[in-house]
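Chemist: Sequence order for the protein chains is Y and D.
This note's numbering applies: residue -6 is where the first sequence begins, and numbers increase by one.
This note's numbering applies: residue 21 is where the second sequence begins, and numbers increase by one.
Please keep in mind that the hints were generated in silico from the structure rather than gathered at the bench.
This structure is a prediction, so every number in the text was calculated from the model and none was measured.
Do not take every clue at face value.
Think about it this way: if two alpha-carbon atoms lie no more than 20 Å apart in a straight line, the pair counts; the simulated EDC-like pairs of lysine to aspartate or glutamate are [said to hold, decoys possible]:
#1 Y:Lys135 - D:Asp46
#2 D:Lys34 - D:Asp46
#3 Y:Lys135 - D:Glu57
Non-contacting residues of chain Y with respect to chain D, defined by C-beta distances greater than 12 Å in every case (computed) [to be verified]:
#4 Ala18
#5 Gln127
#6 Gly142
#7 Gly145
#8 Arg153
#9 Pro159
A virtual CB, placed ideally from N, CA and C, is assigned to each residue, including glycine.
Here is how the chains run, residue by residue.
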Amino acid sequence: MIPTKEELQKALEQRYGAALYRRIAEAAVAVCGLGGLGSHIAMALARAGVGRLILVDYDRVEAGNLHRQLYTAEQVGWLKTEALAEVLKAAAPYLAIEKHALRLTAQNLEPLSGAGIICEAFDCPEAKAMLVNQVAERWPEKYLISGSGMAGLGSANSIRTRRITPRFYLCGDGVSEGGSGMGLVSSRVMLCAAHQAHAALRILAGEFDV
Amino acid sequence: MVRINGEWQDLAGKSLAAFLAESAYDLGRIAVERNGEIIPKSRYAETVLEEGDAVEIVGFVGGG
Chain Y
-6 MIPTKEELQK ALEQRYGAAL YRRIAEAAVA VCGLGGLGSH IAMALARAGV
44 GRLILVDYDR VEAGNLHRQL YTAEQVGWLK TEALAEVLKA AAPYLAIEKH
94 ALRLTAQNLE PLSGAGIICE AFDCPEAKAM LVNQVAERWP EKYLISGSGM
144 AGLGSANSIR TRRITPRFYL CGDGVSEGGS GMGLVSSRVM LCAAHQAHAA
194 LRILAGEFDV
Chain D
21 MVRINGEWQD LAGKSLAAFL AESAYDLGRI AVERNGEIIP KSRYAETVLE
71 EGDAVEIVGF VGGG
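With the sequences and hints as input, model every part of the structure.
Modeler: Here it is as structure tokens:
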């Protein structure tokens, strides 16, 4: 028997107070890319009570994803949008989820239009740069939180959040690239994901400094 | 003088596009911030660097 919507709402309201609870519950956040960063960003936001998540990824879960992404072994082969929605719903059953199984390009960004905050969580550096440039051009009023540099076993303390412009935050160490050395390590990717999710929650709380 | 990633350079009067073309930056992997604002790629050519500008070129690396 899962808790009722009212029970879960009450538990969060007691933590946040009614005003902050409402700001978080009424927020819509987009997560672009549902790999090691995006899957953990989405879960942190879902548990924190964000009301609506817009999930975007064209890819399917692979065996080689399980070491750092939030999926279960039985979900290998599923679309990440479907797999993540199921995992999120198990923790936050009343969360509203929009699923977009597509590869975002400069030509099809419309699914992001309803989000006040966009989390960039792609793997590919060109896709990261595309999204940052396109959001700045089309929606300068939106907050954008990007991740760059979180591979390897480098110090956890070198992962940080920078505020590049009033509405563009950049998390990571800025330099540790995936695809070389030992690649992406779950704990360090999760650190960066936590920075990104935390930046989103702070923005919702009206705390804009880093 | 214009400050690029913390380093002062003699670039006032030059367009952002011209500066980037002569640099080693991979245009497909960067975002450019000037004085607290992201300059979208479509505006590189028309953006002229001015005396005292502070510019940060954010280079993205893979992994996510």
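Chemist: Taking the closest pair, is the beta carbon of Arg153 of chain Y still more than 12 Å from chain D?
Modeler: Consistent with the label, Arg153 of chain Y stays out of reach of chain D, its closest Cβ about 14 Å off (over 12 Å).
Chemist: May I ask you to check that Gln127 of chain Y keeps its beta-carbon over 12 Å from the closest beta-carbon of chain D?
Modeler: For Gln127 of chain Y, whose nearest Cβ neighbour in chain D is about 7 Å away, the distance does not exceed 12 Å, so it is violated.
Chemist: Far enough from chain D: is every CB of that chain over 12 Å from the CB of Pro159 of chain Y?
Modeler: Not fine: 6 Å to the nearest Cβ puts Pro159 of chain Y too close to chain D.
Chemist: Given the hinted pair Lys34 of chain D and Asp46 of chain D, is their Cα-Cα distance within 20 Å?
Modeler: Holds, at roughly 19 Å.
Chemist: Decide, holds or violated, for the assertion that all CB atoms of chain D are farther than 12 Å from the CB of Gly142 of chain Y.
Modeler: Violated, because the least Cβ-Cβ distance between Gly142 of chain Y and chain D comes to about 5 Å, which does not exceed 12 Å.
Chemist: Checking a non-interface call: every C-beta of chain D should be farther than 12 Å from the C-beta of Gly145 of chain Y. Is that right?
Modeler: violated (9 Å)
Chemist: Checking a non-interface call: every C-beta of chain D should be farther than 12 Å from the C-beta of Ala18 of chain Y. Is that right?
Modeler: Ala18 of chain Y is indeed farther than 12 Å from all Cβ atoms of chain D, at 27 Å.
Chemist: Taking only the CA atoms, is the gap from Lys135 of chain Y to Asp46 of chain D under or equal to 20 Å?
Modeler: violated (26 Å)
Chemist: Measure nothing beyond the straight line between the CA atoms of Lys135 of chain Y and Glu57 of chain D; if it is 20 Å or shorter, mark the hint as holding.
Modeler: Since the Cα atoms of Lys135 of chain Y and Glu57 of chain D sit roughly 13 Å apart, the hinted pair holds (cutoff 20 Å).
Going through the hint list in order, the structure does not satisfy hints 1, 5, 6, 7 and 9.
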